[in-house]
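Asker: Let the sequences and hints guide you as you build the complete structure.
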Amino acid sequence: MKCKLCPHKCGEYRDSQTNGGKCNLNLTPKVARIAPHFWEEPPISGTRGSGAVFFSGCTLNCVFCQNYEISSNCQGVSISAETLSEEYKRLEDMGVHNINLVSATQYLPEIIRSFELYTPKIPVVYNCGGYERVETLRALDGIVDIYLPDFKYSDDALALSYSGCENYTDTTAKAIEEMLRQKGNLKLDSEGIATEGVIIRHLVLPNHTKNSIGVLNILKTNYGDSITVSLMGQYIPHGKAVDHPKLGRKITKREYKKVLSHLWDLGLDGFMQELKSADESYIPLWDYKNTTEK
1 MKCKLCPHKC
11 GEYRDSQTNG
21 GKCNLNLTPK
31 VARIAPHFWE
41 EPPISGTRGS
51 GAVFFSGCTL
61 NCVFCQNYEI
71 SSNCQGVSIS
81 AETLSEEYKR
91 LEDMGVHNIN
101 LVSATQYLPE
111 IIRSFELYTP
121 KIPVVYNCGG
131 YERVETLRAL
141 DGIVDIYLPD
151 FKYSDDALAL
161 SYSGCENYTD
171 TTAKAIEEML
181 RQKGNLKLDS
191 EGIATEGVII
201 RHLVLPNHTK
211 NSIGVLNILK
221 TNYGDSITVS
231 LMGQYIPHGK
241 AVDHPKLGRK
251 ITKREYKKVL
261 SHLWDLGLDG
271 FMQELKSADE
281 SYIPLWDYKN
291 TTEK
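Numbered per my numbering, the sequence shown spans residues 1 to 294.
You may find that some hints are simply not true.
[As the list claims (entries may be wrong)] Subject to a maximum C-alpha distance of 30 Å in a straight line, what follows is the list of computed DSSO-like cross-link-like pairs (lysine-lysine):
| id | residue 1 | residue 2 |
| --- | --- | --- |
| 1 | Lys240 | Lys250 |
| 2 | Lys4 | Lys240 |
| 3 | Lys289 | Lys253 |
| 4 | Lys174 | Lys289 |
| 5 | Lys22 | Lys240 |
| 6 | Lys240 | Lys30 |
| 7 | Lys183 | Lys220 |
| 8 | Lys258 | Lys210 |
| 9 | Lys253 | Lys210 |
| 10 | Lys253 | Lys240 |
| 11 | Lys250 | Lys220 |
| 12 | Lys210 | Lys289 |
| 13 | Lys30 | Lys289 |
| 14 | Lys220 | Lys257 |
| 15 | Lys276 | Lys258 |
| 16 | Lys246 | Lys289 |
| 17 | Lys257 | Lys240 |
| 18 | Lys253 | Lys220 |
| 19 | Lys9 | Lys257 |
| 20 | Lys187 | Lys220 |
| 21 | Lys258 | Lys220 |
| 22 | Lys174 | Lys246 |
| 23 | Lys258 | Lys240 |
| 24 | Lys22 | Lys2 |
| 25 | Lys187 | Lys240 |
| 26 | Lys289 | Lys187 |
Quick caveat, the hints were computed from the structure, so don't treat them as lab data.
On a predicted model such as this, the values are computed, not experimentally measured, just so you know.
Answerer: Here it is, written out as structure tokens:
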């Protein structure tokens, strides 16, 4: 197909074996890890973990990506839609709270087919960078129960410089509007586990509190104060960011407190990470070894 899955709309040819497009990948899903994951927001990880499927590659090219081994270097194993559907069953049998698709957009046709083969009995989470096409998200209506997007930038120039994407702010705002149209605000069960809705994440970057404050202002203006925000302080310089003049350090307590105070001033609610989360021990091992194909 001539790919227009993501907002880059590159139109380059991709099929099950032919690499192409902005992501330079084919359509066969490639995964780096499939396992219970305990480091998401409390309503996602709960007590039994989130059934995370970490896909290789990405439609963004963030210089600071903490998963650069899989997002940029595309470490992982190619599997079929049939195998993917069996992995959903395996995760369910392990007792996880949900099936968590992490950076899946580049493989969406086969991922949709995997859900045609098997519909999980637990919620499905779409964990993405937020830079999504509304038309692509509509194909997920009825499949995804919980959207977990990032809203990284309030400055399009910064988005182009750090993530290689144009018109980021408006594109992401419209994508999240579609997510909210489909699922509404966050809903929890009696045990505090998410069943449906949207959680909007924002990662505070060093030297960029102005950007973070701008993002929070956009969220308040566009979606009101009933949305759920996850403010993340876990940033550590990784991959290409290690030697970057602005991104080559962790955020300071002062920077995080400044952004957190603004979130409170706006009356936004949600989840706030502790700065001790800025540790490489929280980065998963990319150890998926299943090469059994149907």
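Asker: Does each hint hold? Answer for all of them.
Answerer: Tested hints:
no.: 1; hint: Lys240 - Lys250; result: holds (14 Å)
no.: 2; hint: Lys4 - Lys240; result: holds (27 Å)
no.: 3; hint: Lys289 - Lys253; result: violated (39 Å)
no.: 4; hint: Lys174 - Lys289; result: violated (37 Å)
no.: 5; hint: Lys22 - Lys240; result: holds (18 Å)
no.: 6; hint: Lys240 - Lys30; result: holds (22 Å)
no.: 7; hint: Lys183 - Lys220; result: holds (18 Å)
no.: 8; hint: Lys258 - Lys210; result: holds (10 Å)
no.: 9; hint: Lys253 - Lys210; result: holds (15 Å)
no.: 10; hint: Lys253 - Lys240; result: holds (23 Å)
no.: 11; hint: Lys250 - Lys220; result: holds (27 Å)
no.: 12; hint: Lys210 - Lys289; result: violated (42 Å)
no.: 13; hint: Lys30 - Lys289; result: holds (11 Å)
no.: 14; hint: Lys220 - Lys257; result: holds (19 Å)
no.: 15; hint: Lys276 - Lys258; result: holds (17 Å)
no.: 16; hint: Lys246 - Lys289; result: violated (37 Å)
no.: 17; hint: Lys257 - Lys240; result: holds (26 Å)
no.: 18; hint: Lys253 - Lys220; result: holds (24 Å)
no.: 19; hint: Lys9 - Lys257; result: violated (38 Å)
no.: 20; hint: Lys187 - Lys220; result: holds (19 Å)
no.: 21; hint: Lys258 - Lys220; result: holds (17 Å)
no.: 22; hint: Lys174 - Lys246; result: holds (29 Å)
no.: 23; hint: Lys258 - Lys240; result: holds (26 Å)
no.: 24; hint: Lys22 - Lys2; result: holds (12 Å)
no.: 25; hint: Lys187 - Lys240; result: violated (37 Å)
no.: 26; hint: Lys289 - Lys187; result: violated (35 Å)
Consistency with the previously given hints fails for numbers 3, 4, 12, 16, 19, 25 and 26, ordered from lowest to highest.
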